[in-house]
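Student: Protein chains in written order, with UniProt numbering: chain A, 1 to 213; chain B, 1 to 181.
No wet-lab data here; the hints were simulated from the structure. Here the structure is a predicted model, which means the values were calculated and not measured. By construction, the Cβ of each residue, glycine as well, lies at the ideal position given by its N, Cα and C atoms. Mixed in with the good hints, there may be bad ones.
Claimed, not checked - 30 Å max Cα-Cα, derived DSS-like pairs, lysine-lysine:
1. B:K119 - A:K89
2. A:K207 - A:K136
3. A:K121 - B:K161
4. B:K53 - A:K80
5. B:K161 - A:K117
6. A:K117 - A:K136
Unchecked claim - Residues from chain A shown here face chain B by an in silico Cβ test under 7 Å; the list is partial:
7. A97
8. E100
9. T165
10. I166
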Amino acid sequence: MAQPATVPGAEPDAAYVAMSCFDLLLIELVPMAERLAREYEASLDVPSIANKPPAKTNTSTTGPVTPTTYDGLPETEVFKDSVYFRLEKLGFRVGLALSERFSRDRPRLTDNLDVIKFVCKDIWMIVFKKQIDNLKTNHRGVYVLTDNKFRPFSRMSMQTSQEATIRAQPHLIFPCGIIRGVLSSLGMKATVQAETTDLPGAIFQVKTTQQKT
Amino acid sequence: MALGSTPAIACIGIIGQYDNPLHISLFPPREHEELEMQFLLNSSLDIFDIRLKNKMVDQDLGLLHAVDERLATYGWLTNTGIKFIITIDMMGRPSAEITSNPQARNLPPVLGLRDSDLKPAFRAIQNAYIALLMNPFYTPEMRTPTQTMHALGKSAEITSKKFKSEMQRIGRAWYPGITSI
């Protein structure tokens, strides 16, 4: 019988779950966040744009607009912020726990570049079973992490690739939160943004303000 | 060194990365000296800062400060900035109590402690802390003590019963020369 692959740096008696469970969880995170955002929006007293009937626009040549949310209703500011904060906060908490668990017994991470390399190699290997493909920095606090075959995107496709990149965008919020959580617990305050230009690639931008002492 | 007693853990303290106190456990005979122990933990923070400034430190900082003939503090700094501080009372427990433990019976009387004697205790504390972070019902405090005080009105310490009882277990089980707790 084949030995299951073990995670580098985990305790010898760690329990393992199939990777597909994690993939399914990530798939479900975004629709759940959107559903909860809709409920929150509905509970507010202020009528939001979603309740007003859409204004009649000039018929354009581009045809019907593809809905970008899972329920097809228009996105509002409240909705977008709610989804973003919920997913980012979840990722942040997961990142805190991940870094605590997997940075033990490693040599001390001294400066910002070491911390970013820890994210690119160790954290990415643990969470997505591969490393970051490319790391660029401008040596002034901005790091660009490129993953050419981002695991959650590996099975995504839509009719047109432009639709797919728009629909895939919210799925990057949770991994951004994970990165921010790991950086924060290792002493690096930063903002993390992500975008995808062509599936299944993903590009993460980390902007940090001060040098780690 | 009195031959009738062995070193024992008097206090386990955990301080977060923003110098916020997370947990303090006291053990006999110093169970009621909370104020003195808090003062000791606070002053140990300065030693962490001094050591970090000078050179690259490993996780185990070893002996931080020998307070007097009886008390000594040992420290451990994780990669994430969490500080574990153990205060040892050199005449903490009567030997009779320890000799009931079959493994400890054959050890010679202790004259001094090596840094490596505390490693099993620190590892056990680290395991317990990591298990606590894995608990989704615990949110780590990300603010300095003054900010927490303004927000909550009191310090945000660890309230998990499992964690507290694990700290008690570690503190009571340790004796010099133990290999794993």
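Student: Please list, smallest to largest, the hint numbers that this structure does not respect.
Tutor: Of the numbered hints, 1, 3, 4, 5, 9, 10 do not hold.
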